[in-house]
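Q: As a plain string of letters, each chain reads:
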Amino acid sequence: MPVVNFLIYLLIMIGIYALLALSLNFQVGFTGLINFGQVAFFAVGAYTSCLLVCKAGIPIVLGFLCGMILSGLFGYLISIPTRSLKADYWAIVTLAGGEIVRLIAVNEGWLTEGSFGVMRIPQPLKHLLSKGTYPLFYLVLVAACVVFMYFVLRLLINSPFGRNLKAIRDAEELCLSLGKNTRKLKMEAMIVAGAVAGLAGALFAHYITYISPENFQPIETFLMWAMIIVGGRGNHAGAILGAVVIQVFNVSTRFIVRYVPLGPDVVAPLRMVIIGLLIVAFLLFKPEGLVKEKKKIYELKDNQAGEL
Amino acid sequence: MDLPQIIANSLVRAAELSLLAIGLTMVYDILKFANFAHADYAILGGFLVYTFNQAFGLNLFLSIILAALATGVISIAIDKAIFKPLRKREAKPVTLMITSLGIAIALRNTLRLIWTSKPKTYAIPLQKPFEILGARITPTQIGIVATGLVFMITLHLLLHRTTLGKALRAISDNRVLASACAIDSERMIQWMWFIAATFGVIGGTMIAMEHLLYPRLGFDILIPIFCVAILGGIGNPYGAMLGALILALAENVILALDFGYILSLGGLFKVGSIQINTGYKAAISFVILIIVLLFRPTGILGRK
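Taken in sequence, the protein lines are chains A and B. 1 is the number of the first residue of the first sequence in the numbering used here; add one for each residue after it. 1 is the number of the first residue of the second sequence in the numbering used here; add one for each residue after it.
Isolated chain B, as found in the complex (with noise of 0.2 Å):
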């Protein structure tokens, strides 16, 4: 694969990736703990999508949106049944992260139940894909790419320009001084989860029409989700942006490579072609975790 293709990859991947890594980052920011349902609420969204666009007929555009409305009220609800009880409590983080994994394995299992485990498609008629600068790219790629962008800059409005996103951003930063200040932190905190599952929503839906919809989607996309978050700082936005771009061009650059050629050390020597086997891609954002767990854990940008 050339330098363009990768890069054209690496930015549609980037886009799915960032959007989800958004709604993890500021959960853990917020309410402290590791949200391991957060992957499982943004495909409960993309079968949303499916139902909407499929069974109803209606167009993507619109299905997508609704999906994530619902998924944001899902989410609330959810909230306020399980985990504002614990928060009730003092519950310590650990027990909110268990709960959340228990969650998680619920959820997972009732998309089987509804959708069965059997994979789907979005009724997305078949592209002639572009060709920009070198680099094959299908209108869908484009619309992901594009759709992260406008995302990206809305979130950013969102959090400096509105009173809302003052808000949040002040219960982040000191919970108690915030309520001293009115500022009504359960109230910001069903907001927090709205946003974080409505971005999730447009982030998995993304996800699900390159490739293809499944329940056990989640779990495949959790790891890279957290290891975005991880690598770009917990908490920050911008970070989440940052690390979805890297470990995307980590993806793509490490599967395309020859490591053969670099062992020949550019053909000095005798070595046949070296490539990192398909099957391990998934392991990539693994190795990159624990790495960066290693040697930087607080990430690039670091804490905010």
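So here's chain A without its partners, still in its complex pose (with noise of 0.2 Å):
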């Protein structure tokens, strides 16, 4: 039982992080938008949903959705400075924003528990399950929104609103001259992207039942980074890849601490440097990823050429 128990959580993880490489992915490898403070639309959702359900009280549904809402006000709030800047001023701002999110987390504890994290999160329908199907629930329930969000990502992505994203990251410029008004189209990116990390985040919180800032280091951006970049940017299927491989990764050497000997101060840092290593020789080597984003070209036909 412990093995389908621990496959059930590893797949759970997968899912709410496939969740956030494919939000990731959409700023980065769609919109060309360099979020490194990705952990922050986590840490919205996870708590404006946690709270609003154990301090005030709302059914859990409704507290998925606010997340959700939130989280993309704040993907709104975080474009506002950003949307006029080149791409490396975008990662130093996100970054500096995930960080005033945590401090936020942890100094603001009349609202958030501080460092002591809040506990005892209610979980969906729990009453309704036996302790042993509950899990695979949740799975399922994961899986869904997994689903769900790839299929909306991909219907936004095909449509011409995708379509102006991906030229944003292409040429910007000639974006503007087409008269597209990119710094627009950039922040419906980033509100669009924080909700789909913002819903990671609800169920994450609700699947822990416990959190706290310690959740929402930055180390947990970086893993997100590495997903995309392991998976191969610009393509859905290459950023659930990507959450899989690192995932399973991250999650089994967190267990594999019993069996070699190796204390857990060394297991986890040795970690983080084969996180690190594995972007810096994916760009090296293979910079477009496992998954190669298949790029249309489209060609002129051949009346339409006649007319050139």
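Bear in mind the hints are in silico, worked out from the structure with no lab data behind them. Glycine is no exception: its CB is placed at the ideal position from the N, C-alpha and C atoms. Be aware that one or more of the hints could be misleading.
[To be verified] Pairs of lysine to any residue residues, derived as SDA-like cross-links and limited to a Cα-Cα distance of at most 20 Å, are as follows:
1) B:120 x B:220
2) A:286 x B:86
3) A:180 x A:84
4) A:286 x B:87
5) A:86 x B:294
6) A:86 x B:95
7) A:166 x B:95
8) B:281 x A:84
9) A:294 x A:283
10) B:281 x B:7
11) B:120 x A:266
12) A:55 x A:116
13) A:166 x B:158
14) B:80 x A:287
15) B:92 x A:284
16) B:80 x B:183
17) B:92 x B:78
[What the hints assert, rightly or not] Covered stretches of chain B (chain A as the covering partner; in silico rule of three or more C-beta atoms under 8 Å from a C-beta of chain A):
18) 88-97
19) 105-119
[What the hints assert, rightly or not] Chain A stretches covered by chain B per the calculated footprint, using a threshold of three residues with CB under 8 Å from any CB of chain B:
20) 244-253
21) 275-284
Dock chain to chain to rebuild the complex, using the hints, since each chain is given by itself in its own frame.
A: The structure is reproduced here in structure tokens:
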């Protein structure tokens, strides 16, 4: 049984991080927005949902929704100072934004319980299911969310909105010259990405049932980055594959401690050294990642070519 | 806290931050990317100082010099192994930036692996602070300010009086034109990494001397350093110095201010004392950074 429980836990964590990677990929891979503070969306979604449910007593479904909305709003907020900036400034500001969110969670104890964390977060439909089947139910819930968001994002990317985002990534000046409001488009992309990552946060909080600022260290952002770099940017399958690869490595090395003669204070940093080196190695030797983006090339039809 | 003390503390902080920001601004200027591993190079140096000082029993000055040189060499090695191939491939600055993030993660955790997360201190005996113009300041702090000044002057002379400095400024202005003038830009880039890392190690070690040395310190000082570099204008070493002074003053003044007194308009109304929670000290540089980027993204002195 412990093996099954571990597998379910692993799959749920893969699902939650797949949502985060999809969201990050939407910003980085499709729009070209370098977000080094992705964990902030995760934190906003998690805290909003669990605090509203625990303290205001609203139904969990509404908590999930509010988590997504507030996280989307946070995406809007963070894109105000950054909307007209270059990629590198955007990276620095988002990194700072992520840290501000964490500092607020640590320091505003009246709201967030500070570093003690929020405990006893209720789980959806817990009373209806037996203890044994509940993790399985949660896995189905997470999987459903991933599938749903996968199709939503795919629909968005294949829409005119998505093509505009890719145009910003590839040639922003050109996009501007065609009269596109790139600032507004970037803001909208951040709102969408925020909502997706906020959902992951809410799913995480109600699964783990205890969250504290420790869960939202910048290292989580770097894990998500490793996922999209290993998996490949600019396509949803790559983001999900990256989440699988990195999360299997990340979670299983937590349990390997019992079987290898290395202490946890060796395994934890060693794991992150490998993650860092993996990012560098992929950028050096396989920059497109495991799944390459299929770029659509719009060819001129013969009759159109004749007109030119 | 009174004004002389605020000024003294700010001078110390500014000396540390400006030495760190100079390396960041140089790399940004010449290679056109934000190096997220810069602060971690500096803290690697800080740990090497610790090892030379504590394990080998070398004197602190000698340890700092050795550690700065060693880190300079390491930074060149990292450039040769990682950044140079990417430059050859003409990778975009964004790719270089993400790569530097990967290096930062690997390096920071290597520090954890070797030296553990337990905070460390250097062997500096307990000092009795002097009182200068009403401010209490320790001999170490005086040393930090003096070191900062000496290195600023050194940098100025290096950039303006030596062939190396002139070549560095040339490749920062126009790399193609510089190579047309027979300047070996790859060799100059190595020198640039070396200078950036050595200055960073000295700044980072000074910060660790004032507080504690731990692997995450690199991440904790990263945003303040970016704030200083952007505040002063990227690529402008003098801007970095001014930016460091402004940020240091802002941090110390904002934490010392009683906002209740300001809100009560000097005692006209009854408002309790309102002070910024010291837990938010780190947030001050974040907020200043965001404000600068909103209103003056080129920094105070502008790009050079």
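Q: It remains to establish, for every hint, whether it holds in the given structure.
A: Here's how the hints hold up against the structure:
Proposed proximity of residue 120 of chain B and residue 220 of chain B is supported: the alpha carbons are some 16 Å apart, at most 20 Å. Restraint check for residue 286 of chain A and residue 86 of chain B: the C-alpha separation of about 12 Å stays at or below 20 Å, so the hint holds. Restraint check: the Cα-Cα separation between residue 180 of chain A and residue 84 of chain A comes to about 14 Å, which is no more than 20 Å; the hinted pair holds. At roughly 15 Å between alpha-carbon atoms, residue 286 of chain A and residue 87 of chain B fall within 20 Å of each other, so this suggested pair holds.
Distance restraint check for residue 86 of chain A and residue 294 of chain B: the Cα-Cα separation of roughly 12 Å lies within the 20 Å cut-off, and the hinted pair is therefore satisfied. This hinted pair checks out: residue 86 of chain A and residue 95 of chain B have alpha carbons roughly 14 Å apart, not beyond 20 Å. Between residue 166 of chain A and residue 95 of chain B the alpha-carbon distance is near 17 Å, which keeps this suggested pair within the 20 Å criterion. Simply put, residue 281 of chain B and residue 84 of chain A have alpha-carbon atoms about 28 Å apart, too far for the 20 Å limit, and the pair is violated.
Pair hint residue 294 of chain A plus residue 283 of chain A holds up; C-alpha atoms about 18 Å apart against a cutoff of 20 Å. A hinted pair counts as satisfied when its Cα atoms are at most 20 Å apart, and residue 281 of chain B with residue 7 of chain B qualifies at roughly 17 Å. For the hint pairing residue 120 of chain B with residue 266 of chain A, the CA-to-CA distance comes to about 18 Å; that is within 20 Å, so the pair holds. Distance hint between residue 55 of chain A and residue 116 of chain A is fulfilled; the C-alpha atoms sit about 16 Å from each other, no more than 20 Å.
A C-alpha spacing of about 45 Å is found between residue 166 of chain A and residue 158 of chain B, which places the hinted pair above 20 Å, so the restraint is violated. Note on residue 80 of chain B and residue 287 of chain A: the hinted pairing holds, with a Cα-Cα distance of about 18 Å set against a maximum of 20 Å. For the suggested pair residue 92 of chain B and residue 284 of chain A, the alpha carbons sit about 12 Å apart, so the restraint of at most 20 Å is met. Between residue 80 of chain B and residue 183 of chain B the alpha-carbon distance is near 19 Å, which keeps this suggested pair within the 20 Å criterion.
Distance check on the hinted pair: residue 92 of chain B and residue 78 of chain B sit about 18 Å apart at the alpha-carbon level, within 20 Å; holds. A stretch counts as covered by a chain when three or more of its residues have a beta carbon under 8 Å from one of that chain; for the stretch 88-97 of chain B and chain A the count is 5, and the coverage holds. Here's how the stretch 105-119 of chain B fares: 10 of its residues keep a CB closer than 8 Å to some CB of chain A, so the rule of at least three is met and the hint holds. For the stretch 244-253 of chain A, the proposed coverage by chain B is not satisfied: 0 residues have a C-beta within less than 8 Å of a C-beta in that chain, short of the threshold of three.
Taking a C-beta to C-beta cut-off of 8 Å, the stretch 275-284 of chain A contributes 8 residues in contact with chain B, enough for the three needed, and the coverage statement holds.
Violated hints, in rising order: 8, 13, 20; the structure is consistent with all others.
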